[in-house]
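Chains as they are written, first to last, in the numbering used here: chain S, 1 to 483; chain Z, 1 to 664; chain L, 1 to 303; chain V, 1 to 211.
I should point out that these hints are in silico values taken from the structure, not numbers from a laboratory.
Note that this is a predicted model, so its numbers are computed, not measured.
Think of the CB as a built atom: it goes at the ideal place given N, C-alpha and C, for glycine as much as any other residue.
The reader is advised that the hints may include incorrect statements.
Quick list of in silico lysine-lysine cross-link-like pairs, PhoX-like style, CA-CA up to 25 Å [said to hold, decoys possible]:
1. L:Lys-53 with Z:Lys-544
2. V:Lys-207 with S:Lys-303
3. Z:Lys-544 with Z:Lys-382
4. L:Lys-49 with Z:Lys-544
5. S:Lys-303 with S:Lys-357
6. V:Lys-207 with S:Lys-357
7. Z:Lys-112 with S:Lys-437
Far from chain Z by the CB rule (all over 12 Å, computed), these chain S residues [claimed, not checked]:
8. Met-1
9. Ile-49
10. Gln-56
11. Leu-455
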Amino acid sequence: MTAIVALLPAPLLIAALALFATRLRVVPVLAAILMGIQCAAAAWAWFPILGTPRRQIVEGIGIDSHGALFVLLTTIVVAAAFVHAVAFFEREKLSEHAPSHRQIGQFYFFASLFLIAMYVVILSDNLGYMWIGMEATTLLSAPLVYFHRSSRSLEATWKYVLICSVGIAFGFFGTAVLYAASQQSGALHVGSLSLAALTTHARQLPPGMVRLGFVFLLLGYGTKAGLFPLHNWLPDAHSEAPAPASAILSGSLLNCALVALWRISDLARAAGQQQVVRATLLPMAVLTVITAALFLLRQRDIKRLLAYSSMENVGIMATAIGLGSWSGFALQAVNHSFCKVAVFLLAGNLLQQCGTKNIRDLRGLLTAQPGRTLLLMLGIAAVAGTPPFGSFLAEWRILSFAADKHMPWVVAGLVLSLAMAFIALAMQSLDMALGNKTIKDPTNVRTRFAVSLVLVPVILLLGSLALGVLLPSSVLALLGGGR
Amino acid sequence: MTPQPHLESNLLYALAICWLVAPGVAVFQKANVDRLLGVILAVGSLILLAMGVAAFAYATTNIALPSPFSFAGIPVAFRFDPLAGLFLCVIAVVTGLTVPYLRGYCSHLTDKADMRIFWTALSALLISMPLVALSANALTFLVAWEAMSLTSAMLIATDHSSHSTRRATIVYLSATRLATAFLASGFLWAHALTASWTFADWHLSGTQALGPGVLVLIGLAVKAGSWPFHIWLPIAHPAAPAPVSALMSGVMVKVAIAAIVRLFVLSPAFNHPVFGIVILTIGAISSVWGILFALIQNDLKRLLAYSTVENVGIILMGVGASSLAAHAGLIVAARIALAASLLHVINHAAFKSGLFLGAGTIDMGTGTRNIELLGGLSKRMKATCACFTLAGAAICGLPPLNGFASEWLLYQGFLGASSGAHTPIERFSFMLLIGILALVGALAMACFVKAIGVAFLGRPRTKAAENAHEGDRGMVASQAAFTVTCIVLGLIPPVLLAVLNPIARVAYPGADSVAAAWTLPTPAMLVTLAVTLLAGAAWMARTKATMPERRYITWECGFGALGPRAQVNGTSFVQPIAHTFSVVFQYAESVSIEGESRRLFPDKVTATSTTEPVLETRLYQPVTSMFGWLGDQILHLQEGSIHAYLLTMLITLLILLAIGGAIQ
Amino acid sequence: MTVLLLLIAYLAHIAFLPLLFIGLVRWVKARLQGRRGPSLLQPFWDIAKLLRKGETISETATSTFRLAPLASLAAILAVALMVPWLGLPSPIAGDLILAIYLLAAGKFCTSLAALDTGSAFGAIGASREAAISVQAEPALLLGLAALASHARDSRFSALLAPGGGEHTIILALLVGAAAWLCAMAELSRMPIDDPTTHLELTMVHEAMVLENSGRSLALIEYAVALKTVLLLGLVSQILLILAGNQTLAFHYVLSIVLLAASAVALAIAETVMVKLSWRRVPNMLSYAIGASALACLLVAMRG
Amino acid sequence: MGEFHLFESGSAVTVIIGLWMIGITRVPTSLTLYGTQSAVLGLMAMYLGVLRAEPLLVIVGVAVIALKGIAAPAYLLFVAHRLDCRRDDGVSIAPPLQFFGALGALALILLLHPLRAALPESSLPSIGMLLLGMIVMITRRLAISQIVGFLVLENGIFLYTIGQPHTMPIVVEIGVLMDVLAGVMLAGLLAFRISREFESIDVTELKELRG
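Okay, chain S solo, but in the shape it has when bound (with noise of 0.2 Å):
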């Protein structure tokens, strides 16, 4: 229990300073730090649960293993983001549109509460405690996303929040559905939403409810997740929100629709419902891998070239899920959430010098920023899964799963994919990268903070590398329990 509560002082500490103090021009520095103690808790509290095969439910929330990776993860990713922030809004504040100090503290008071929402979903154990969650990480992202105020961030923000709203409302549906056919069981005749006793009495839930729960908890879970049909609020949200946010929403958001999807297919399966799970989700996730590559291909815009990066890596974690290796999905999340919260904190900062985000004005930034793009384009070799980083790992055993599960048309739609969007990627990031100088001189003006600028990431696509050499068994145990 006290690892629960271990985790809320910090976030609600922010938003309480977020809330009252917003003319001191100290939140930002105030909140990195709290986020440093945040992750200390969390650490102190959930690593020892990592790796352990127990589970105890409190009122309605878990406490495993798999859980505890994620907590630890959304930390991580948040704290990076924040510590960014102190450096990226100094920034901001010398660009032309500059945000007042009270958008600033709101964006600290809405950050530190959907912190509190994606714990809530991540670890309850109760459907209807996740559903909460989830609706409420979407309420509380939206003001992040409309940071900016401008047209085309309130276009991605309406579109955001009705697109998400409902497609959880159809998974509130499923929800319901599921909670129905458990009262229908004979043991569990008055009826449960916790997933614990949902999946000790599986088998005597009947068929017909369950697979009608799971296709519309999968659309609901789905569209949060960002998979193919559903995925069109992805590259505006992500693309319009500032990188701290858009890093926040990419590195964590999507890591916990996912962990709801892998709760609700390990139910279907412990209902017998394999069938189900192969013949809805894994399609899906392979179509939102090509279709993914496909988009990269014509991406002109950094920031959505990345946000379809995102989408790429959540079908490769779905696939995952559909196979049912959680090995797999962890290692891949792990990464991806390093990778990609390095990529867009590096892509903000060029942004901010450059001053726009379309790939073709972009020209020679390798001879114009050596250092930074270099590291760019080593974040972004590592999301799209080249050898050195982990990614490639946690694609390969994925792959390996596939293939051993004598499944040819997961491996060749995967593999086929991975490489064009591997192509794709290279492509656009070459044109910017490549070339002689045509932006005007950046303006890299200093500002306090700046060495965590570049800090970060490094740190970041650091930890990313050493899971792609340093991965012996005992590592992957504690990631993954085997599976």
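Given the structure of chain S, go ahead and fit chains Z, L and V onto it with the hints provided.
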């Protein structure tokens, strides 16, 4: 000899440390450090040579890195066996001999590119290439392979101000990434069948080997640059700086061939007669196709890149013939063909690197690589001309040099296979291959006579060619070193064959050594050549004093002193051959005459010849534009109207419900 | 011991036979055209005259131009000692691939010399030489390979041995025809190129040696003569497979007679035939490739 | 009346109100209709609560009537009045046509075999409501009407939850209610910003983010 795993692993660590230091020095050391980096690379190549020799000397040893280094449970394992040893030595020698060239060439590069990235990428490449040759399991192979591709792409993009270099980098990256995709799916399939990642445990044969084998073969063929997948090679190699293209053509292409030999011939992981036929056919086609396209190139480096495609074809012909002969039970012919292809790997690494360095010196000396703008360079660049001519003679396979040794052995392999084969079709096809090899040899001679003649001999065609300047001492030393290696390798084939014998014995166990197949009277021939040359030279020198020599203009049939434009240039030299083979590259000539009315004195006559790379325009371009079109079509899904998005959600709901309902 | 004896015999024949052969061809041609024509020994006087004359070398020529004649002569001499063109076993146990590639080395040097002088005609000659050898070389090599596959060994001694087998007559005729056509192409004799022509634009071999004069022209003339005798000797050896195994002396006499007959045949061809137009040459050479391919098919089908 | 009989008639009434809402174009009328629909649902929930002797369900019913029946429509009417949007004549198809379209879609659900097999008997009315909600959202231009569409959809789900023998724990019900209302408040705020940014709350204006 007792296995010395710790020696080899220590050498492996030393190599890694040495070549990790180089980028460190490059990045932080501000002053001009090419000299220091050159020394580091030289030391690195020496260590690599020691590793290669150790791999030969001691029995085959497997080394896995200690526990923290592992790829998700799969160990990072390396295997030191004679085949890997051979390729390590080839990499070491080529790197070692290119090092002096680097210092001279880099002064030319510093204004155009960021040398820190160049040196880091170069040392990373020189670590990853041996690792690919050494890797023992699929995952280490893929990681090293992708690292090799990425670092070589960074090297190609060194001088990235020109558009063609950027296009070359992207084409190269896409080609290698698709190769990795094919390789990955092949390895996954093989793992599904054998439940192990190490190559040594894979012994698939019969129809089981077909699936994974074809995928792996396609992946390796793309990187080796053989026929249907070679289109990236003539785009990527010329764009790289000369020492890098020398390394890529001379060595990196061979690393893919090493993998083909390891997986399809030595204790074959994929054992099926059809692979021998497939490798033989793509080898034959790529040798003819490569040399025909090399013939019509006027950019020196593109010509050499196509000639690499041709030589890769010859090597693959040897590998294919040896695996086919082995399946037909002709062990002697199989062993000779395998030894021939491995010998050609060594020879090609020697003369191709020398030729590319020569092209680099010309590019630096005159500022252009188009031989139509050169001519008469031998007067100003004597050393480069001599080295280039001798290396050119070696690549055409002319006897006293090393090219002839491996081609002769290949002929012996084909002859042995054709006389021993059982069915008439096999006998006839092997004899046909002898014809193809002879045709390729004749075309190679025409191509390199054109390259050497038009570039070096005759009168300078432009100002740039007129005041060309020779490369500095280091560059000429490198080229001379490669040329000397060609000459020496030409003299000692029996020794080389004795060195290659352990590999042949691993592939086809048997008593007699491959060296016995070398029945050529090389010493007698050399004596006759030497005696005649020395006697003739002595006689001419003696009579030179008594006989005056007159220098006069070249014979111009009374038309008056013909300018340098009257000389035959590249296109017109190959016009007769191109006309005979016009169907291969859609060769079309057109002559336009202005002032036709005055029959005898037209104002202007322009003759143009056009060729079309058929493979690119008919096959690859439509496929790539189809993907582009797909990319455009899919954008319609994201047109921005929220109503469309909600409608898609509804349709998805209905489809999922239908699927859910259908599953009873 | 016999090798030394053979070496002396071969060197003796190499000294006088080539130029005598050329003299014979010119003499027979003159007779056919109703002229008395120069004496048989005229080529010897021509070479002697040339050796004494001074050389005119173009300004653009470099050392390649000077070394080339000597290098090509060395190559052809090495082949002459390797191929048993005299009927006697050759002093060096030569191999068919080595011989053909050595001839190619000779062509390589002469082509480079032609390009070195920067003259348009020399370069056109080199380009045509390369075009012809692209078809002639594979034909010759394929034909001899058919024999080698028949005899299971690529050395000339085994290749030309009159082995058993019922198809040897047709085989020898096919390979002989292919070898004769390739010889005509290599030596740029009548059907492909008229050696006595003066119009530079039509020349092939003569154009390449246009710039040579004095001593280097003498070397080249001699080398061409030796190459003629060598190739036609090889053709006669192939035809002699039909004669079956004879004693050494009779075999030697037969090959000398065949050499003279081929000289006469050459002269007749040059008086009767008209030079092929340059665009037709590839079609003519494809007959040679066809003949060798048929020979290979024959060997493959022997069952 | 028996519990089942009550649920049957109640859901019939809500579906009819939903269908009715599709046909009209005036915004205030559709808001009031939504209010009545929520009120009917609230009453049904209270009555069922009394029948099943579950006090919590009664409280939920009261909350639904108060919040969704009265508060939400009032807030949306205030927003509609401030932005003076009266008519919403739909994207391309005229509302009467949309009405028949909706009927066709409902028939589709009932007749198409794979869909019919997937849906159990009790969920048909709520699936119908879901479909109506989606159709309202897909065919309407104004932001307010889209919010109404979402609320109708949400009512359909609430209808299904109260149709079960045991209702969900009160915390989940109230949580869902709070989330939906927070969503409506947020959408209202966004509607104000859209009208300020684009001079009209016509959602088809939002077309800038493409590709």
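Now the hints, each set against the structure:
no.: 1; hint: L:Lys-53 with Z:Lys-544; result: 11 Å, holds
no.: 2; hint: V:Lys-207 with S:Lys-303; result: 18 Å, holds
no.: 3; hint: Z:Lys-544 with Z:Lys-382; result: 23 Å, holds
no.: 4; hint: L:Lys-49 with Z:Lys-544; result: 16 Å, holds
no.: 5; hint: S:Lys-303 with S:Lys-357; result: 7 Å, holds
no.: 6; hint: V:Lys-207 with S:Lys-357; result: 18 Å, holds
no.: 7; hint: Z:Lys-112 with S:Lys-437; result: 13 Å, holds
no.: 8; hint: Met-1; result: 34 Å, holds
no.: 9; hint: Ile-49; result: 22 Å, holds
no.: 10; hint: Gln-56; result: 29 Å, holds
no.: 11; hint: Leu-455; result: 18 Å, holds
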